[in-house]
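Asks: As they're listed, the protein sequences go chains A and B.
Note that numbering that gives the first Met the number 0 has the first sequence beginning at 0, numbered continuously upward.
Note that numbering that gives the first Met the number 0 has the second sequence beginning at 0, numbered continuously upward.
The set of hints was computed from the structure by calculation and includes no laboratory data.
Cβ atoms here follow ideal geometry from the backbone N, Cα and C, with glycine treated the same way.
Careful: at least some of the hints might be erroneous.
Across the chosen pairs, the derived CB separations fall in these ranges [to be verified]: (1) A/Arg432 with B/Leu151: 32 to 38 Å; (2) A/His641 with B/Ala142: 20 to 26 Å; (3) B/Asp27 with A/Ala451: 19 to 25 Å; (4) B/Leu151 with A/Ala313: 46 to 52 Å; (5) A/Pro513 with B/Asp211: 37 to 43 Å; (6) B/Ala134 with A/Gly339: 23 to 29 Å; (7) A/Arg320 with B/Pro233: 35 to 41 Å; (8) A/Gly507 with B/Arg12: 34 to 40 Å; (9) A/Arg320 with B/Pro32: 49 to 55 Å; (10) A/Gly171 with B/Arg12: 57 to 63 Å.
Chain by chain, the residues:
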Amino acid sequence: MEIIHTDVLVIGGGLAGLRAALAARQRGHEVVVLSLVPAKRSHSAAAQGGMQASLGNSAKGAGDDEDVHFADTVRGSDWGADQEVARMFVHVAPKAVRELAAWGVPWNRVRSGPNDAIIDGRKVSIDEPAAAHGLITARDFGGTRKWRTCYVSDGTGHAMLYVVGDRAVAEGIAVHERMEAVSLIHDGARCHGAIVRRLTDGRLFAYVARATCIATGGFGRIYKVSTNAVINEGIGAAIALDTGVVPLANMEAVQFHPTAIFPAGILVTEGCRGDGGLLRDAAAHRFMPDYEPEKKELASRDVVARRMEAHIRAGHGATSRWGEHLWLDITLLGERHIAGRLREVKEICQHFLGIDPARQWIPVRPAQHYSMGGIRTDALGRAYGLDGLFACGEAACWDLHGFNRLGGNSVAETVVAGMIVGEAIADFCASERGELTVSTALIRAAHDRAAAEFAGLAAGLGAESAAPLLARMQSIMTERVGIVRHGDALQSAVDELQQLILRSRRLGLRSSRPGANPELTAAWRLQKMLKLAQCVAAGALQRTESRGAHYREDYPRRDDAGWLKRTLARWPAADATQPEIGYEALDVRRMELPPGWRGYGARDAIEHPDTAPRQAEIERLRAELAGAGRDALQDALLPFRHRLPPQLRGANARLGDPA
Amino acid sequence: MIRLFRKAPDSGRPRRLTASVLRHNPADPASAPHWQDFVVEEAEGMTLFIALNEIRATQDPSLQFDFVCRAGICGSCAMLIDGRPGLACRTLTRDLGERFTLAPLPFFELIGDLSVNTGKWLRGTAERLRTWVHAAGRPDLDALEERMAPELAEAIYELDRCIECGCCVAGCGTAQMRPDFIGAIGLNKIARFRLDPRDTRSDEDFYELIGDDDGVFGCMSLLGCHDVCPKQLPLQTQIAFLRRRMAALGF
Numbered sequence: 000m001e002i003i004h005t006d007v008l009v010i011g012g013g014l015a016g017l018r019a020a021l022a023a024r025q026r027g028h029e030v031v032v033l034s035l036v037p038a039k040r041s042h043s044a045a046a047q048g049g050m051q052a053s054l055g056n057s058a059k060g061a062g063d064d065e066d067v068h069f070a071d072t073v074r075g076s077d078w079g080a081d082q083e084v085a086r087m088f089v090h091v092a093p094k095a096v097r098e099l100a101a102w103g104v105p106w107n108r109v110r111s112g113p114n115d116a117i118i119d120g121r122k123v124s125i126d127e128p129a130a131a132h133g134l135i136t137a138r139d140f141g142g143t144r145k146w147r148t149c150y151v152s153d154g155t156g157h158a159m160l161y162v163v164g165d166r167a168v169a170e171g172i173a174v175h176e177r178m179e180a181v182s183l184i185h186d187g188a189r190c191h192g193a194i195v196r197r198l199t200d201g202r203l204f205a206y207v208a209r210a211t212c213i214a215t216g217g218f219g220r221i222y223k224v225s226t227n228a229v230i231n232e233g234i235g236a237a238i239a240l241d242t243g244v245v246p247l248a249n250m251e252a253v254q255f256h257p258t259a260i261f262p263a264g265i266l267v268t269e270g271c272r273g274d275g276g277l278l279r280d281a282a283a284h285r286f287m288p289d290y291e292p293e294k295k296e297l298a299s300r301d302v303v304a305r306r307m308e309a310h311i312r313a314g315h316g317a318t319s320r321w322g323e324h325l326w327l328d329i330t331l332l333g334e335r336h337i338a339g340r341l342r343e344v345k346e347i348c349q350h351f352l353g354i355d356p357a358r359q360w361i362p363v364r365p366a367q368h369y370s371m372g373g374i375r376t377d378a379l380g381r382a383y384g385l386d387g388l389f390a391c392g393e394a395a396c397w398d399l400h401g402f403n404r405l406g407g408n409s410v411a412e413t414v415v416a417g418m419i420v421g422e423a424i425a426d427f428c429a430s431e432r433g434e435l436t437v438s439t440a441l442i443r444a445a446h447d448r449a450a451a452e453f454a455g456l457a458a459g460l461g462a463e464s465a466a467p468l469l470a471r472m473q474s475i476m477t478e479r480v481g482i483v484r485h486g487d488a489l490q491s492a493v494d495e496l497q498q499l500i501l502r503s504r505r506l507g508l509r510s511s512r513p514g515a516n517p518e519l520t521a522a523w524r525l526q527k528m529l530k531l532a533q534c535v536a537a538g539a540l541q542r543t544e545s546r547g548a549h550y551r552e553d554y555p556r557r558d559d560a561g562w563l564k565r566t567l568a569r570w571p572a573a574d575a576t577q578p579e580i581g582y583e584a585l586d587v588r589r590m591e592l593p594p595g596w597r598g599y600g601a602r603d604a605i606e607h608p609d610t611a612p613r614q615a616e617i618e619r620l621r622a623e624l625a626g627a628g629r630d631a632l633q634d635a636l637l638p639f640r641h642r643l644p645p646q647l648r649g650a651n652a653r654l655g656d657p658a
Numbered sequence: 000m001i002r003l004f005r006k007a008p009d010s011g012r013p014r015r016l017t018a019s020v021l022r023h024n025p026a027d028p029a030s031a032p033h034w035q036d037f038v039v040e041e042a043e044g045m046t047l048f049i050a051l052n053e054i055r056a057t058q059d060p061s062l063q064f065d066f067v068c069r070a071g072i073c074g075s076c077a078m079l080i081d082g083r084p085g086l087a088c089r090t091l092t093r094d095l096g097e098r099f100t101l102a103p104l105p106f107f108e109l110i111g112d113l114s115v116n117t118g119k120w121l122r123g124t125a126e127r128l129r130t131w132v133h134a135a136g137r138p139d140l141d142a143l144e145e146r147m148a149p150e151l152a153e154a155i156y157e158l159d160r161c162i163e164c165g166c167c168v169a170g171c172g173t174a175q176m177r178p179d180f181i182g183a184i185g186l187n188k189i190a191r192f193r194l195d196p197r198d199t200r201s202d203e204d205f206y207e208l209i210g211d212d213d214g215v216f217g218c219m220s221l222l223g224c225h226d227v228c229p230k231q232l233p234l235q236t237q238i239a240f241l242r243r244r245m246a247a248l249g250f
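Next up, chain B with everything else stripped away, as it sits in the complex (with noise of 0.2 Å):
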């Protein structure tokens, strides 16, 4: 879902707008969790990119946050806004009231203030899941490659689109019960070597990597990672078709 803009006020005057930033570090063992507030005149077109890196020009050299892109792709920036998880940097101010809260994504390991350790957990989960093509043998790259309907080549983008932000987990209610459970990041991957004809893994293989409580049978359908996607991945309709199949290796 892409939110439509808030109309600009009239006025003409920008808002004051006050960020408040859940904080800590981590490094300090006086530093103890706590909300700080910071004002900022709001400019047209500012995104929480912008907004951030403002306050830590003039105000708190030392706020801790990560962007990358700045353009939605790279999945560096995802954040707590007003509680809900989103990329920071394509979050435009206009969208928010003039005031809101601003968290590090739970679930990940807190690296200080809104940076969180999300390249821990990813790397962690592609060496579990393995999420790669698995086939024998080197290409030969002297030959024609080989063929693939583009539909298929199509579908599988369609599913490799995941920026890995973390969002999905951080939405996820089985998430918070379960330190293991993979998420819809791990089972989008599993959807989506599934869907490619280059691995050569069968569903036996995959019910060995996603097959239990950690796995796909761990979903509660709650869906938290359905809505909160910032790519709009189809993860309620992958995981369902997903949990079916495996479902029925299991019998």
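For reference, chain A alone in the conformation it holds in the complex (with noise of 0.2 Å):
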């Protein structure tokens, strides 16, 4: 068995994985990242529209700030948002713009005088201040009150990834590739590193390590039709739940991307709406109008994403020989814009659809495309259950999204929980709990369990095969742990699951051969998938309300009284077919904005007792303190700076603040 030694081991190499190694090496840390596939393929370069940060530099972006970002992510979250870690996010996501902007990335640009724009279908002319010529400008996405999504083109995630990936390199940070980490070594109380295995020819390695972190993205593919990679099955937030102790949060939190290309499922991005792209029917008629009279086509994902399929359900879908679809309008953005702001838009529907989006509209339909669920850390991205352990980025389920997700906040997330979680893990290192005391038969019994368990695979006579299991898997998440959910269909889907997890241990392999061997991989990766499957739809079934992307047809209502709490699952043990489910309450008493209305989608919720005496004691303190100043307001309503590693402090500039 080899070993390897580092001071920080960072599990994936997308965004989040990177940015949090670059934090803990710029420290004095040793880091080694594993990848699945060379880091600048992972999937944040699919990112395509941008990142929010309230720079306030556009004309539409004026009066932007913190307070905005922040509660337009609450709202958008359903009030499931953790509001300390939104508060956090909020203030450091415009360093994160203007760190990457001094680092090489290419953000659009501020042009100052008369700029063309389409919004709400008509053709408008904004003028830009000539203040604020050459600053990183924005556009408008769903669910925001201001255009706040600063961008690069449509191919955000790529350049971001590029200069992130690129400054990995130049800090000589190790990124070790083709690398799947397949369990965590630990002890119950705390993670030991990984045993990680070798892709192109399945050799175990034991990496040991001070502080872990998983940074593994979400685990779209359990789905049928998703915008995500296909690397991204959740193997990471899979082997954290292996341990038996570290929970994964809000697992039912799925999210639904409103316009994937059908039936592909390629994402288009929400710039397209944002940037004045309109959702038409079968009958060409914009519909959205008639739902959300306020925010149309730019309410939240969650809600657009069922407005769709009700309008689709009420029989308005046009119909293709794969099935009924929508249909999105482009075109009136013209030529010239979609060939520059909407670039890769433009090529996926030229190779994918072999339509010119400028002339024809775009066939779309709502497809799986984030996770808000994962595995639970605190604010600092330190996880339940193990010490030594962090995960960040969409594998983590820190809560800044709670139940739905804004778009462009993600990408942003990435960055920004990178350098906070990377700090955290720099202090732990620096810590004497940083210290690890290393037990080799620990890490022997670890390798040696993984060892066994390809072993049995790849030795294992079973009747069964990864492929069609997989296939049925997928089938049953997409039609009944979709978009609309209901208690009965989410309980018949439980009970296959479980018939699946059965026989997913009784595979037989039809090939055998030295070095990589694909169908092993899949083989042991179909387990692990099949249990994130069945903490999803176990939780759905017990959620019984709606609230963001979970929707229950049988509980339409947003029950704040009984469920306003994270769902923590755990799977008991290596033979079970459920996960053990438990809640940790969310305290409106501590909350900055107590749940309310979002401004769009249903206004019927179920309110929480002490969401009214809340309420009150906000008001009382915005009045008590209502010339203390901005910083004294919200360290009586919700204090946070205390939490940010010091560098990140500072209150962010911003064009016409006073000299």
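Got two chains here, each in a separate frame; can you build the complex from them with the hints?
Replies: Right, here's the structure in full:
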């Protein structure tokens, strides 16, 4: 057994993992990053439309600040977000954009003078002030009250990932490619690193680390139709779940993106609607204003996706040989705008649909897009249950997004969480607890268990094979644990997933060959993915309310009195077929923004008993501290600055600040 | 160049496609490179991503290939399609004949079948060319960002769109003869950082990196790179421009 020692082991080479690695490296710790693929091929590269940060440079962003971004994020989350985390995030997001600007991201810039735009279907001219010329501009996105999404055409994630990836090269951070962490080394209280499998030849290694950070992204591939990359199978979350002591939170909170091209499920950015694109039905009717007169196409994703599905169910979908869909119309944006600002969308339409989106409508239907749930951590990214284990980015439930993430907040979360969690990792390594007492027996046992698991699978003579079981799981998830959910369908999903889990323990492989064996890898991952799917289905079944992206036809109201709490799923034993589900309550008495109406979607929530008293208390504090300044009020309502690393606490400068 | 779709056949009967795949498993001493045919029934809108996954799921679970985003964004799936470098994920079978060949990208280390190790080569290239903005000190994260002309930001992005898929290197005559040639990937990166005012490096600094036959003077102007680039990067003009700048410095 080969053992590799490092201070910090980061599992996942996307934006979150790389940024956390950089923070720890800059503090002098040795860092190794593991990646399934070359780091720059990570799914972060697929983020198109942009990243939210309240710079407020552009005319349509004027007056934006952390407060507006905070409120939009909490409303977007349907009050599921951790408001302290949301505060930390909105405060650091402008710093993250500016850091990336200094590192080389070619953010699109404000052009002073009249600029053509399309708003609500009409051509308008926006006059950008001369003072803002050359500063970072922003576009409109769903669920936001200001134009806040900073962008690089529609290749934002690509530009960010390349800059951060090359920065990691500059700092000499080792990235071990085509390596998959297959289990965490732990003693039930402290994480000691991970057992890692080299995908090119199947060899196992033990990586022993003082701190381990999981940043492996989401688990969209448990669904049949997903915008996610094929590597987004949630294995990082699954190996945390396998410890039995680390919980996955809010797994039932799964986002469906309104505009995936139909039927391939490839994303076209929310920027299409942000820049003025419209949704139309089979009769060419623009239907969103009928349902959402205020935000129209730019309500939050959960609301738009649900309205689209309802509209299709009501018989207004366009039909094709693959089924029904709706249309995204960006023809009104014009050829020049599309060629400049939406060029990836243009390429995708040309290559996968054979259409020119400047002239033809794009067939779209909502598809799985984002995992709000994941490894439960505290505000500094420390995982529940194991000391020395951290998580950040989509793999984590930090909980910035609650039950619905706003577009542009995830790629922002990757770098912001990376900055904050990376510092927490460095602090941990510098502390006494960061020292590791290594037990070779513990490492050996973890290695041998993983080796036995793979040997058992490779030698398995069972009648089942992985590919059909995987396909069945994906169908169950899309059909019964999708956008619109119901108790009966969820119960049948849980039951059938249990059967699939049992069947997945009786696999027989058809191929056996030295070196990489994709069938063995797929079989091993299937068992992990089934556990994640069961956490999603079981969490959805038990949550008898509707909140954000979790919509229950049989419980259509948001129930703050009964369900203002976060789901925690633990896997009790290796032979279990269901998680143990528990909950942690969100404390309304500590909220800066108590539950209310989101400004779009339904407005019939069942109120929490603490909401009215907290609202009264907030009004009293606001009156009392009227002249005391913004920071004093913030500290009274929800102090958060003390949680941030000292260098990230400063106020964010904006154009027009008093000198 | 974006190829236009061929019209679907009118017969209504799906075609039976034969994918001839060049296979080899370097980890297996008994393996020798060989062509293996796989037959799949064509479906509407079928891409090579769909076809290869169907082959692996139903015919040969050991077949190796790399896909990540399957949307033409990540650059993982470059291979030789009928001998020409391209992205498999966005190649529609309807644009191919009933029989076509798939082979791994040349030049890069073979992992197995259609999977090659582009990552190792690209990390080496990034280290060698130091492909990051060189600036002194740490930025002030609280202050307003430095301004940049909107047109310049767009021009930098134009070159920043490279997805490091390796098609250009696979299509490069020089790379076949000079294993250390940095290829259009490397030259385009230098052009990108040269254009970026945030990078303090001078042309003299860049000359040190690319002013030899493994750099910009190795290019024979065959421009296979330009023809096969899936992102239609302006490689021809960038390389020509760089060469003039660097040649002027060399005198």
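Asks: Taking each numbered hint in turn, which are not upheld by the structure, reported in ascending numerical order?
Replies: 1, 9
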